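S.K.: Put chain B on the given structure of chain A with help from the hints.
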Amino acid sequence: KAGVTQTPRYLIKTRGQQVTLSCSPISGHRSVSWYQQTPGQGLQFLFEYFSETQRNKGNFPGRFSGRQFSNSRSEMNVSTLELGDSALYLCASSLASGYSYEQYFGPGTRLTVT
Amino acid sequence: DQQVKQNSPSLSVQEGRISILNCDYTNSMFDYFLWYKKYPAEGPTFLISISSIKDKNEDGRFTVFLNKSAKHLSLHIVPSQPGDSAVYFCAASPNTGKLIFGQGTTLQVKP
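Going down the list, the sequences are from chains A and B.
Number 74 in this note's numbering belongs to position 71 of the first sequence; there are no gaps in the numbering.
Number 269 in this note's numbering belongs to position 38 of the second sequence; there are no gaps in the numbering.
For the record, the hints were derived by calculation from the structure and aren't laboratory data.
As the structure is a prediction and not an experimental result, all values here were calculated from the model.
Hints may be right or wrong, so weigh each one.
Here are some chain B residues pointing at chain A (derived, C-beta under 8 Å) [unchecked claim]:
no., residue
1, Asn253
2, Asp255
3, Leu265
4, Tyr270
5, Gly274
6, Pro275
7, Phe277
8, Thr327
9, Gly328
10, Lys329
11, Leu330
12, Ile331
List of simulated lysine to any residue pairs, SDA-like, C-alpha gap at most 20 Å [claimed, not checked]:
no., chain 1, residue 1, chain 2, residue 2
13, B, Lys299, B, Asn288
14, B, Lys236, A, Asn62
15, A, Lys60, B, Thr327
16, B, Lys268, A, Leu91
17, B, Lys287, B, Tyr270
18, B, Lys236, A, Tyr13
19, B, Lys236, A, Gly61
20, B, Lys236, A, Gln44
21, B, Lys287, B, Lys302
22, B, Lys269, A, Gly43
23, B, Lys268, A, Lys16
24, B, Lys268, B, Ile279
25, B, Lys269, A, Glu105
26, B, Lys236, A, Gly45
27, B, Lys268, B, Leu242
28, A, Lys16, A, Ser82
29, B, Lys236, B, Leu278
30, B, Lys285, B, Ser300
31, A, Lys60, B, Leu278
32, B, Lys268, A, Lys60
33, A, Lys16, A, Glu105
34, A, Lys60, B, Ile331
35, B, Lys269, A, Tyr13
36, B, Lys236, A, Thr8
37, B, Lys302, B, Ile331
38, A, Lys60, B, Lys302
39, B, Lys236, B, Ile281
Note that beta-carbon positions come from the ideal geometry of N, C-alpha and C, so glycine has one too.
Bound conformation, chain A alone (with noise of 0.2 Å):
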């Protein structure tokens, strides 16, 4: 079975401008979650989504929003990029059913800012 994937693996973006990541989660996984990882916060939650809703959001403004698709693929939106928005951005997919939180990871994207 294939894992998480993400797209584009790396990317360069400018102040001001804004950025769409694209994730395709594990097949028969319907939650999709993302995170933030920098050096200086570490792995922060973002949102997630599970049957095209947002079901949990984490503590970022609103510049950062995401979407479901009915295939359970998901992005994510930066708007008005900010130097500090430069991490890794990781896309997880779960099951999401039982009493399992397991969360397979995808490689992530990186997001550079200048």
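M.R.: For chain B alone, coordinates are given in the frame of chain A:
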């Protein structure tokens, strides 16, 4: 407010010996705990998990112990192998799709 803490930034052990990685949490609403292994520029790899109704879970060389009264969990790797060298993250979930991660512990296993 760091709800999940890994107080040891690094750990070095000899190949074949036991590695013990520790994690403390503050929120009693957490009811599911996970350990991940991460290499630079890659996504975390799921290792093992435990629910709050258990105090131990084993999977091969990896065992996770949970002490709810102390709000403490640990990951034991026996025997440690050089390929285990990586950053290890513990994570906690309050019964949702949100994981809260510790800051990570860098494990080095020396041959």
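S.K.: If you take the shortest Cβ to Cβ gap from Ile331/B to chain A, is it below 8 Å?
M.R.: holds (7 Å)
S.K.: With the threshold set at 20 Å, check whether the alpha-carbon distance from Lys268/B to Ile279/B stays at or below it.
M.R.: holds (10 Å)
S.K.: Lys268/B and Lys16/A were given as a pair; does the straight-line alpha-carbon distance stay at or below 20 Å?
M.R.: violated (29 Å)
S.K.: Has the given pair, Lys236/B with Asn62/A, been kept, meaning a C-alpha gap of at most 20 Å?
M.R.: Measuring from Cα to Cα gives roughly 19 Å; hence the hint holds.
S.K.: For the hint on Gly328/B, just tell me whether its beta-carbon gets within less than 8 Å of chain A.
M.R.: holds (4 Å)
S.K.: For the pair we were handed, Lys268/B and Leu91/A, check the Cα-Cα distance against 20 Å.
M.R.: holds (16 Å)
S.K.: For the hint on Asn253/B, does the least C-beta distance to chain A fall short of 8 Å?
M.R.: violated (16 Å)
S.K.: Would you check the hint for Lys268/B and Lys60/A, treating anything up to 20 Å between C-alpha atoms as holding?
M.R.: violated (24 Å)
S.K.: Below or equal to 20 Å on CA atoms is what counts here, so check Lys236/B against Tyr13/A.
M.R.: Judged against 20 Å, a Cα distance of about 30 Å means the pair is violated.
S.K.: Holds or violated: are the alpha carbons of Lys236/B and Leu278/B at most 20 Å from each other?
M.R.: Given pair Lys236/B, Leu278/B holds - Cα atoms ~18 Å apart, limit 20 Å.
S.K.: Given the hinted pair Lys287/B and Lys302/B, is their alpha-carbon gap at most 20 Å?
M.R.: holds (14 Å)
S.K.: Given the proposed pairing of Lys236/B with Thr8/A, does the C-alpha separation stay at or below 20 Å?
M.R.: Not OK: Lys236/B and Thr8/A at ~29 Å, beyond 20 Å, violated.
Violated hints, listed in ascending order, are 1, 2, 4, 17, 18, 23, 31, 32, 33, 36 and 38; each of the other numbered hints is respected by the structure.
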